[in-house]
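Student: As a plain string of letters, each chain reads:
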Amino acid sequence: MTPTLSIRNLTVDIPTRHGTLRPVQDVSYDIAQGEILGVVGESGAGKSMAGNAVIGLLNPPAHIASGEIHLNGTRIDHLQGDDMRRLRGQQIGMVFQDPLTSLNPLLKIGDQLTETMLAHLDISQSEARKRAIAALEEVGIPGAAQRVDSYPHEFSGGMRQRVVIALALCAEPSLIIADEPTTALDVSVQAQIIALLKRLCRDRGTAVMLITHDMGVIAEAADRVAVMYAGQLTELGAVRDVLTAPLHPYTDGLMGSTPLASRGKARLHQIPGAMPRLDALPDGCAFHPRCPRAQADCVRNPGPTLSDGQGRAACFHPLVREDVA
Amino acid sequence: MLAYIIQRVGQSALVLLIVGLVAFSMFRFVGDPIDNMLGQERTQEDIDRLRGQLGLDQPFVMQYVKFLGGAVQGNFGVSYRQGRPVSEILLERAPATLELAAVSGFLAISIGIGLGVFTAIRRNGITANVIMSASLIGVSLPTFLIGILLIYLFSVELGWLPSFGRGETVQVGGWSTGFLTETGLKALILPSITLGLYQMTLIMRLVRSEMLEVLRQDYIRFARARGLRERAVNFRHALKNTLVPVITVTGLQLGSIIAFAIITETVFQWPGVGLLFINAIQFVDIPVMAAYLMLISVMFVGINLIVDLLYFAIDPRLRVDRTGGH
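Protein chains in written order, with the working numbering: chain A, 1 to 325; chain B, 326 to 651.
Next comes chain B alone, as it looks inside the complex (with noise of 0.2 angstroms):
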């Protein structure tokens, strides 16, 4: 087990130099930063001198050592934009896109399953026949759209939620949340459906197949045969079979969530770190942008450690097939 753990970091560790490499390769085709750092009289020498400062003259690869090494000792540089150092503007940035994702993650989650199994078992009725075509509508319309649906239908026509922004904030120790004001949370709402309605429409979807599946199979049948209540057979013995794959999605949609999150704070002009990086990207502020994909790198990268974790605590036959015995 603790081996497995050690060969799944070292394997996530590979990854994350991989994405980081080709990150690098790419930012000289986003644009050149020193057009937008220097003014109008700008001399051929004081391109060069800038240039030969940020070492942006030197290959990609040795930038990228570069930027590596800083990286182990938590150094990301400064921002060619705002002049700060890097994990300064990103930590400040962070609560506000991971309270959005966590708050969109959970509905989607809560959601889903629940959506997924009532759908399930009553697949017949016309309540769940109604949710199953409206989840249609949660696959098929992209974020922004329904982003802007929302802001018209409850900031412009009803006026009951905010259009943009985080509301008030409070200062938690570095840590600057929106859960404990009024207005925090209800900027959230709006924010936090557009981004999880796709994934949560995905897990029930995903939620219902499978598990039309698991009450076919018949150990679902003998349950029935050996008379446990009917709650016992479908939550008990259905759905934990059914969570395997679905655990799988759901490991990869919140990490998307986390990403997608670039769409939905650029729709509600929420100040997170994906806007920070379309910000970025606009003015090719090289170690903003580095930082960020490495830190939703991370974050993947993470998740799919504990959804692979995950598996062993739901399911026996993997621990045993591990280790070889019992």
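Just chain A, same shape as in the assembly (with noise of 0.2 angstroms):
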């Protein structure tokens, strides 16, 4: 079966004066119809650049240097103007960290959503109406049909973050882009937010690119995770296998600094240095310097890669598991 989002090679360039910086390198994923792909790394890892750069609103000059992106095998990333704007909303939807900001103040949200329909869907005003009422209602917001009519402020930040998903959900798009969508919520409200996410996208079916660079959220939707470095795939594998058994040293490091009530009181483990800037990148493997396994040959170029989609970690050294095939 055809996944529903099909990523190779993907480069993104950002020209400067200083020379071309490249936030997302070589980059290759697939996303399966209903399956929810984590996508995982610290900031400037590349991680909503790539997903940037499958909507297509890479700020200039930034822009896909080479690579292909297909959605439901079609292919997107050459698409030009009104073809992509057509795509945005019905075919991908894309939900932001911070929903306080993410709507526009002035407009009711009924007409924000209908308004959104009207642009893909060949239906009648009262029928976009109607629809929003039910999107709303499917969101979890009481009394929707009063609530339609009422603005973004007078609703609190996690019923936004439900108001901003039936937005990216309305037209129904096969594909949603949730970029770090609890990372301005409340931690009570976090668990709802991706609970109802994950239950929406099971029910139709949609993919979901998730990103964030919270291990909690990953392991409690995600069906597979591709963690990101320095704009580099490091490591793909399902959830289960990545999280319990990373074979990336840097998985492996990121996994050991995640905080655990198990753990107690003992320090919590850090991976010394900080990520490479981008245009100052080591040679071969950009996450050797900070790396306890590497060895001699880990700063041969070209680094290490997982350019087809295929393989697990993108290491010369990969931890070995006796578990894991």
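Keep in mind the hints are simulated off the structure, nothing from the lab.
If a hint is listed, it holds; no wrong ones were tucked in.
BS3-like mimics (lysine-lysine), calculated; alpha carbons at most 27 angstroms apart, straight line:
#, chain 1, residue 1, chain 2, residue 2
1, A, K198, A, K130
2, B, K565, A, K130
3, A, K108, B, K565
4, A, K130, A, K108
Build the complex from these two chains, which are given one at a time in their own frames, with help from the hints.
Tutor: Structure follows, in structure tokens:
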């Protein structure tokens, strides 16, 4: 079966006065229908940039330098103007990080819902309004029929994120890109939003790219996980395998630095150093200066990759696990 | 909402009272009207008698109270120079100024917002950059100079448009309008451009910078991500959010269009209240000056009140904050 989203060797470039930066380098992964792929990494690892490239919202001068993006088997990375616009919302929905700023404060939420539907679906104004109320009910807004005429400031943060999800889903896209959907929310609300996103996408068979730096969110929601470091994909696999038995030393370090109640008061593990700047990437494997398993050959070029969406860890010397093939 | 309006009207009345008081305290520094009113062969007796008649021997506070007493009954006194009721003179002159101000204001707002949006959306385009550079002229050149340059170009050199006056006017009720005759419309062009150019460039630059700020917001990105048409994103989402600060400045600027009409009316010999005021100052015609200043203040205050009410119409967040609930 064709995956909903297929990214092959995606590279994003930002030309600057001091040379070209490469925030996303040779990244490949697939997301199947109804699957939730978690994309994790530190700030600046390129996870949002890859999402923006898929939906065609890279801020110039950033642009796709090479690679292909296929949505339901159709190539979309070269689409321009109105063709790309029609795809947004209708084929690909997006949920942003901060629900307080992603809704227009001057428009009623019902109007924001209907304008989205009318831009993509061939339905009447009154039909759109009916569907808007239904969409709000579906995301769990109580009294949706009245609340449809409310303004964004009349909702709490968690409720607003529900509205944002309703907006992203209202034209029935086949892929949702959720860029840190819970980061700006209260911890108690986070779980509700994740559960909501999970339920809606399972019901509709929507594929989800869940971008986050929160391992807890990944563990709770995702089916598979892609770990990114300095613009490259370092590890890709089923959540269970990657989280419990990481093969890449970076993933291993990340998991070690996640606070867990079971570890008690022991000092939290840290990966020494910081992620390299994009204009000063080391030779070979980008992680080797910080890697506890680094050996002399880690600096050889080209570095390790997961180019064709196959394999698990982009590492010359991955951790060896007896229980993993 | 109603309480808020009443409160604002009360504040406005207070502002008007203070403006009047300040104005009256200044009038005696302008000169002595008696000098102009009596001829060379005057006696001290004549002077004292006239001064007593006009009430000019009283302290300015008393003069002010007397003026207010008349003003609330619609009686602004009699012009020293023309010997006619001031209200009659003002009514005769007001249409000229108001028509000029209305045309200037309309040009300033429509072209200003239009060009502002254009230069914001096409911020890297050549046309937008040319417009931005040209707008510096409007912001930096003084009004009278623009007027004189326009007269030189279009009246003296090209001979297309008249250099002074209103052209022919038509009486509609008590209102003399220049909108209905060809010469009247032609005569409006140069003065209204002169008067509105500064406001137009100011509004344009303000709309542009506000719009650029709004276009960076998350909700604009989200609107794009939802696949809305570029036109809907720019006008429905971005422009509306740009308007609140723009309205504040535009309101103040409309007031100053009426106030600064003095300069334009002088350059173009436009028979409006501004020219009347300049002549009144030369003659120390206190009743005319007082009535003019009050008229301008009423307009300023009125426009600001309308601006405040427009905020409510545009921004729903204010409506909630005022009443304290939904």
